[in-house]
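K.L.:
Residue numbers (the numbering used here), protein chains in the order written: chain D, 1 to 316; chain L, 317 to 629.
Don't read these hints as lab results, they were simulated from the structure.
As the structure is a computational prediction, the values presented were derived from the model and not from experiment.
Take every hint as true, because none was put in to throw you off.
Label-pair ranges, simulated between beta-carbon atoms:
id, chain 1, residue 1, chain 2, residue 2, range
1, L, H456, D, N214, 22 to 32 Å
2, D, A2, L, E508, 38 to 48 Å
3, D, A143, L, E538, 28 to 38 Å
Rough simulated footprint, nothing fancy, chain D against chain L, three-plus residues with beta-carbon under 8 Å:
id, region
4, 440-452
5, 464-472
6, 510-524
Okay, derived cross-link-like pairs now, SDA-like style, lysine to any residue, Cα gap no bigger than 20 Å in a straight line:
id, chain 1, residue 1, chain 2, residue 2
7, D, K127, L, D480
8, L, K350, L, T340
9, L, K489, D, H140
10, D, K248, D, P101
Cβ atoms here follow ideal geometry from the backbone N, Cα and C, with glycine treated the same way.
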Amino acid sequence: MATLRVPPAVPSPQEDCEQLHKAFEGWGTNEKLIISVLAHRNAAQRKAIRDAYQATYGKDLLESLLHETHGDFEKIVLLWTLEPSERDALLANEAATKWHPANRVLIEIACARSSQDLFTVRCAYHKQYKRSLEEDVAAHTKADFRKLLLPLVSAYRYEGEEVNMHLAKSEAKLLHDKISDKAYSDEEVIRVLTTRSKPQLIATFNQYNNEFGNPINKDLKSDPKDDYLAALRAVVRLICCPEKYFEKVIRLSLNKLGTDETALTRIVATRAEVDLKLIKEVYQSRNSVPLENAVKHDTHRHYEDMLLALLGSDQN
Amino acid sequence: MADETLSLKKAFSGHGGFGVDETTMAAMVTKWRKQPDQKSRFRSDFSGFFTKIGSIEKCEDDFLLRLKTEFSRFKNIMVLWLMHPWERDARWMHHVMHKSYPFTVIVEIACTRTSEELLGAKRAYQALFNHSVEEDVAYHIKESYSKLLVGLVSSFRYEGPQVDNDMAKWEAKALGNVIKSSGSGKLIQNEEVVRILTTRSKRHLKATFKHYKELHGKPIEEDLGANLCLQETVKCIDKPAKYFSEAINIAFKEGADKPSKLSLTRVIISRADVDMEEIKETYHKQFGVKLEDMITKNTHGHYKDTLLTLIGK
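Please model the entire structure based on the sequences and the hints provided.
P.N.:
This is the structure we're talking about:
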């Protein structure tokens, strides 16, 4: 599922932070050395390195990375080095404070993390920004989007596997009725999508398809340009099959004239320890080429090297 | 004999109040041992609780129900005392959904617990009932205040010291505008009102309420109309000790209903280790009588003893 490759014998955090310090020393930066260390350590190991670096050199590793690296490489290394909850808090803060209707990062974070992980993000957000994630989302989003996004980021879904089929049937019908009436931001639609557990929702969407002959996302496509409907479709996709959602984002980011490095960086950094392997498989079957080829084609130098390392494809 | 009868009647809560006097009852059993005439005289004297169908003596059903409630007050408080606070809060919230406790219990729990305590209660809720409290509140409560309730239970408020004073002032103004332009019935569903009350930190909200008072010359509660849910929310966030002292007072009022009486146990158990001293002071100031005295006068038996211990007499 994860693509991150950690060597069987991992050097101690002290050794690693010394290597990194060496990479920063003198003229220029040894990006290859940085990648060979950081791109091959998991979250716990990266945290240990950061702590050792702080203790040894009296400053945060992130600060040194900020000074010594640049451009897209800098962005991905910084994002990658952060702990997952801090990373998500950073992404959420950017997404909330600079929010616009086509931005779906908040939906990604709210729907593709476990309940517990989402809560950890909310904690990290308190620490980092001295406010709650909910208050920032509430303050910066408007109208239908706020109606959807606020409960989404505040959700603490039940994580058990139990499904109530009777409820799934009745809520599938409810969704169908509301969608037929074009009542896309109706309270009941929002209630079902933002409070039910994921297994319950998957059962509900399956029922929808069985009963009404169309997957729910097909019925939510009445206006392909409508950002709110796109947001709803993203919620459904991220709950059912996140790897398909992420494959599409990556595919679109590599298709654009010029690459959308922000999206590519974000997905690779946030999924490398989760399901990037599955995403690669979806990419391969959808596009008939391995993702690495597309990355090699569209990105360059150290940014490309870092991406390939996180995709599990470098030589290290 | 008259004294004995009176104290036994009182022990059986014939004179209202909470709980039963177990000690007096047990003493009576000893005293009236092998004296069926005494008991017979007592029964015919205890009007309203014993009656006759022809020559057959019968307990009134109401009396039996009331006894059941009063006898179980001690049992309930002991079980609750032993339980983990998270389980307690989870069960109380669940009662609102399924046994028609007043929704104010959810407001109380969501607004007077710390963010960590509320998270713990939500976890316990999931473990106990296989649903999240948010989905149950959203599904079972369809009244106008349900949006506010869902927001309140979903909250995970920032608890640090930082407050954006300019924002607090701005939001005090915004609330004032909304209150002026909305009908008081619509207020509870207003997006801005719900947003501010359910997402801002408590410190921030206290500052906002303070600015509101300075701006409009009166506390925000006075402008919220008859909106009970909003009133309770503001009170629980701004002055929890006052909220709790008033809940206790309602429990002791003549003719208080069952849920109101249950508040007595709930408030004292849940606040005994938190802010009971402050609640006692507030109660004394507000109602001119000491809480210990109210409890001593109006409750009986082991239930009374437990309450008095919990409030730190």
